[in-house]
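Participant: Given these sequences and hints, build the entire structure.
2 protein chains.
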Amino acid sequence: MSDETTNKKQKTCLQVATNVTEQKHQVTREVRGRNLGLCRGFRGCTVWLTGLSGAGKTSIAFELEAYLVQRGIPAYGLDGDNIRTGLNKNLGFTQADREENIRRVGEVAKLFADSGVIAICSFISPFSADREIARRIHKDADLKFYEVFVDTPLAVCESRDVKGLYKKARQGVLKGFTGIAQEYQRPENPELIINTDGYTIKESAKALIKLLETEGIIPKMKSHENEIAELFVEPSMKAAFLHEAKTLKSIPITEVDLQWIQVLSEGWAYPLRGFMREDIYLQTLHFNSFITDEHTQRQNQSIPIVLAISTDAKTKLDGISAVTLAFKGQPVAIIRKPEFYYHRKEERVSRQFGTTHEGHPYIKMIFEGGDYLVGGELEVVERIRWNDGLDQYRLTPNELREKFKEMQADTVFAFQLRNPIHNGHALLMQDTKRQLTKRGFKKPVLLLHPLGGWTKDDDVPLAVRMAQHQAVLDSGALKAEDTVLAIFPSPMMYAGPTEVQWHAKARMNAGSNFYIVGRDPAGVPHPNKLCYPDGNLYDATHGQRVLKMAQGLDNLEILPFRVAAYDKKNLCMAFFEPSRKNDFDFISGTKMRTLARTGEAPPDGFMVPQAWQILAQYYQSVLGQ
Amino acid sequence: MSDETTNKKQKTCLQVATNVTEQKHQVTREVRGRNLGLCRGFRGCTVWLTGLSGAGKTSIAFELEAYLVQRGIPAYGLDGDNIRTGLNKNLGFTQADREENIRRVGEVAKLFADSGVIAICSFISPFSADREIARRIHKDADLKFYEVFVDTPLAVCESRDVKGLYKKARQGVLKGFTGIAQEYQRPENPELIINTDGYTIKESAKALIKLLETEGIIPKMKSHENEIAELFVEPSMKAAFLHEAKTLKSIPITEVDLQWIQVLSEGWAYPLRGFMREDIYLQTLHFNSFITDEHTQRQNQSIPIVLAISTDAKTKLDGISAVTLAFKGQPVAIIRKPEFYYHRKEERVSRQFGTTHEGHPYIKMIFEGGDYLVGGELEVVERIRWNDGLDQYRLTPNELREKFKEMQADTVFAFQLRNPIHNGHALLMQDTKRQLTKRGFKKPVLLLHPLGGWTKDDDVPLAVRMAQHQAVLDSGALKAEDTVLAIFPSPMMYAGPTEVQWHAKARMNAGSNFYIVGRDPAGVPHPNKLCYPDGNLYDATHGQRVLKMAQGLDNLEILPFRVAAYDKKNLCMAFFEPSRKNDFDFISGTKMRTLARTGEAPPDGFMVPQAWQILAQYYQSVLGQ
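The listed protein sequences derive, respectively, from chains A and B.
The first sequence begins at 1 in my numbering and counts up one residue at a time.
The second sequence begins at 1 in my numbering and counts up one residue at a time.
Bear in mind the hints are in silico, worked out from the structure with no lab data behind them.
Possibly wrong hints are sitting among the right ones.
Put simply, identical chains are the same to the list, so a pair is met inside one copy or across any two.
Cross-link-like lysine-lysine pairs, in silico, DSBU-like; alpha carbons within 35 Å at most [claimed, not checked]:
| no. | residue 1 | residue 2 |
| --- | --- | --- |
| 1 | 442 | 139 |
| 2 | 345 | 364 |
| 3 | 529 | 433 |
| 4 | 529 | 364 |
| 5 | 337 | 581 |
| 6 | 548 | 345 |
| 7 | 167 | 433 |
| 8 | 548 | 364 |
| 9 | 163 | 144 |
| 10 | 548 | 144 |
| 11 | 246 | 328 |
| 12 | 139 | 479 |
Facilitator: So, in structure tokens, the structure goes:
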């Protein structure tokens, strides 16, 4: 029997075996897709970049690969670098070898696609017939194949000439070079044409990412990766929306409710699209994070964002298909298909705050609120404005991202505060910037982000804090050119380790990469001072520790806070050194109040003098009441 | 210039480019590894299975691939089926072609390995030289290569002859067939030799899995996948251990503490290896799950398993390197490097129970307990025995797994209970078995698993319940041949949606695949009946819902419970139908107690008569007190 016949026989046997093993492969494939939380039945695919040498194929491929891998989507690039030096090193550049080169790449790409990977091939692949073979190989295996023509004009490619190949080709050293001595056959029906001239690589790759999204190969981008979805009605629809809102039954909301609507509508809690329905509420309480059918990637969400209504209101609204939320009689938003569920206040408060003590200011508000919760996606008529002279500081997550881009920030670090800034804070922020610069960032930008929603009565009011912060900025203690001072519109809950996650997550949505966290963040004294030996509601270290272990904050790095205090020896704020603790003075809010009352100034170097003036005035005015 | 020269020039240019792009690849690789939570620097590798036709290479490869993919580790099989029909379809079976076949596979495997995948190649690859080429390709790319010799004797392979190839080779139809007409060169130094004769495919694959674990390629198997790690001291070390334990300072523990030590030491809470240290405690409270450096896969853990000690004890032990836990003066366990941390009881109770009410029986116990917690890995001297005549029912997770294997169970469904069984329960379990059979399971086994640790005073005691359960089994209402009656040694916490996760997770560790959950699992009335309109501590639907959304229970399917009640029309227990609700009678514990007191029997078909006798006797004895 000839070798030829043996080949045929063995191949037939293989074919039979293939059908059996194909079934087994199918099961494994399904598990693979499920593991990745990707679209059902995801099997991988091949993206085939064709174009002249120097067109930008490999750069785009790298950008795409890095992007996908960063998102946890398996991807792998095949190009001359890893193919010509390995699998195809026994091929040259003759016509037949070029054909075989592309055929083999097509076959290998198919294997990668079948293994659940997005194979990204970057090859000049100048001939339509060869590209057609690669496409056919995929079609026969029922795998998607995207031919992407990187359409950079020859002149541009030649002017780039990164590898010096065009020069050699023009000199006649390289023969048969595509575009010079050999035809490049432009694709007739590619799935995508990318023009790289005048675009950055990122922009070019974006077109490809969009294609994969549209095709359902990869899920649409989530939160921080993309624009944050806002919940506002299209301006052109506003009149019709208001008209509808007035015909619906309505729920009167409080100022704090309105603050939460601002938070939701601007996208701080993205991907949350409205007040929580019960499934997300339960996940929030039990897991401090959630997934949904739509968002299979786990999202951090530690605090319930809910709307409480009275039993009466609930009884009147039961079974309704849409309801208007109205503030002081004016429609603000509509919830469609609202879900009403019982507000088990004691349980909610226990799980959220770790106490049920009604002396806690936010808990008190919860207990005084309604016995039912109403959940559902929000449509909000327009931006919430407070007309208090501070609206210019109220930037949305998208506006902040835009701002950071304008400033050419290559990283953003956020600092949340609800108290006046002293020079210890400034020191900390300068130090953080220094650390980031050391790590190679060229332009770290500080998001100085005081909380601007509801706070307890004895906290310094927002207007005073903003004036104080602005005075610090104006003094130059923080550099204006790499600082953004803006208001975080959320109410304050005083929920310690639970709330600090919310503070971090909202800043991640606003484009922050780093989050500074101190001791006892979002903490307060326990309303019952005897409950714990330290008198605090939360252990001072728990906030940082829980935040570091929290889920859904993978794109945010937590920077622990170093405590600063007044160094009496060096007459300035400095990082506290336990070894010479007697040299340090911690100047508390109470102490500042006392100083203001007696008209004394704090020690030199504690706070920018103009900023102290603003604060002293406020403290005196309070004492005068 | 010749084609040859052009080739060389172009190749040199490629080489230069490779160095630049290699750096970019490196970054992507690191992200890939991080995404997978795999060993740092994980880059994929190649497992090369060589051996005769019919040796079992592909079967083992499939088993390994399925196992890895199931665990979320990227893996892909290359074999004749997907190579000979595609990439290498232009190769025959001549010597040169066989060589080129193996070379190309080696190159493709290298690409997969480089992409972060475990490439599993199954090829006869009879020649040492060819296998050496494949190995060299990987070595040059700094990628691991494991040659695995599937050493099945020719006679065995020939007797299997799945593809009928040996027959054809013997008949001379197939020429040059390896093992018959052509030499198979046995590997001289393979990384592993697998003997398949007399072993199942799973067993053979296990050897390979072990190799990958030992090599640090994949993390060691977790919980349910492997044997559950127990915390007992080696029997040979027992004397020395006891000697040491007696020299250490000791903490006296309570009976409930001892029950938790039993739970931990037998592996019910695996991978927890002792009383919680604070980092895991915090994750438990906030996320109901945890990860550690060692266990990067998220583990469900909803309830704190902690050891409380008094402030006095803590003060005496501070700074100690090891401590003995003693029950009634007898050493039970040692904790090394114990971690002491403050027991913020109110916070712990709030987050765990959703209330702080001291009328709750377990909460009361917590408040009465110590103000400090001590965490650390446990070494336990031996199995905890209670000598109450019920120890034979106390099977460990490993013993249960062994038992299920003996029974040839192909799936296990668990039913947790802390009350007597009536025929409604039996109906439910029969119905579940029917459903599982419908889904294709041949031998579903029921784990009837009453809770055997501490319960509140008015629950029916364990001994009575066990006698009652045994009577139900003996009556045949549940089939003994596919039921395992065993005790779950955990104390009961009455913590509703939080605790139900614990009940499910522990059964997952014991090898269950399905978990039956009813309304208001682990629930109790609120100690303050006025707190909620329904009078219960937890919403009746929350347990099921939270359990379905819980993390770290991916290998357990939750089966919601259908409520059964006494059907007065048909005189039997039946699934409740709301449409004819007046036909149904819910027979509560209180009602059973009343019946027992008056000497009345419950309606026919409510409970197995012998089982009712046991229960009635108990109720009468309690009333007599």
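Participant: Output the numbers, in ascending order, of every earlier hint that fails for this structure.
Facilitator: 1, 3, 7 and 12
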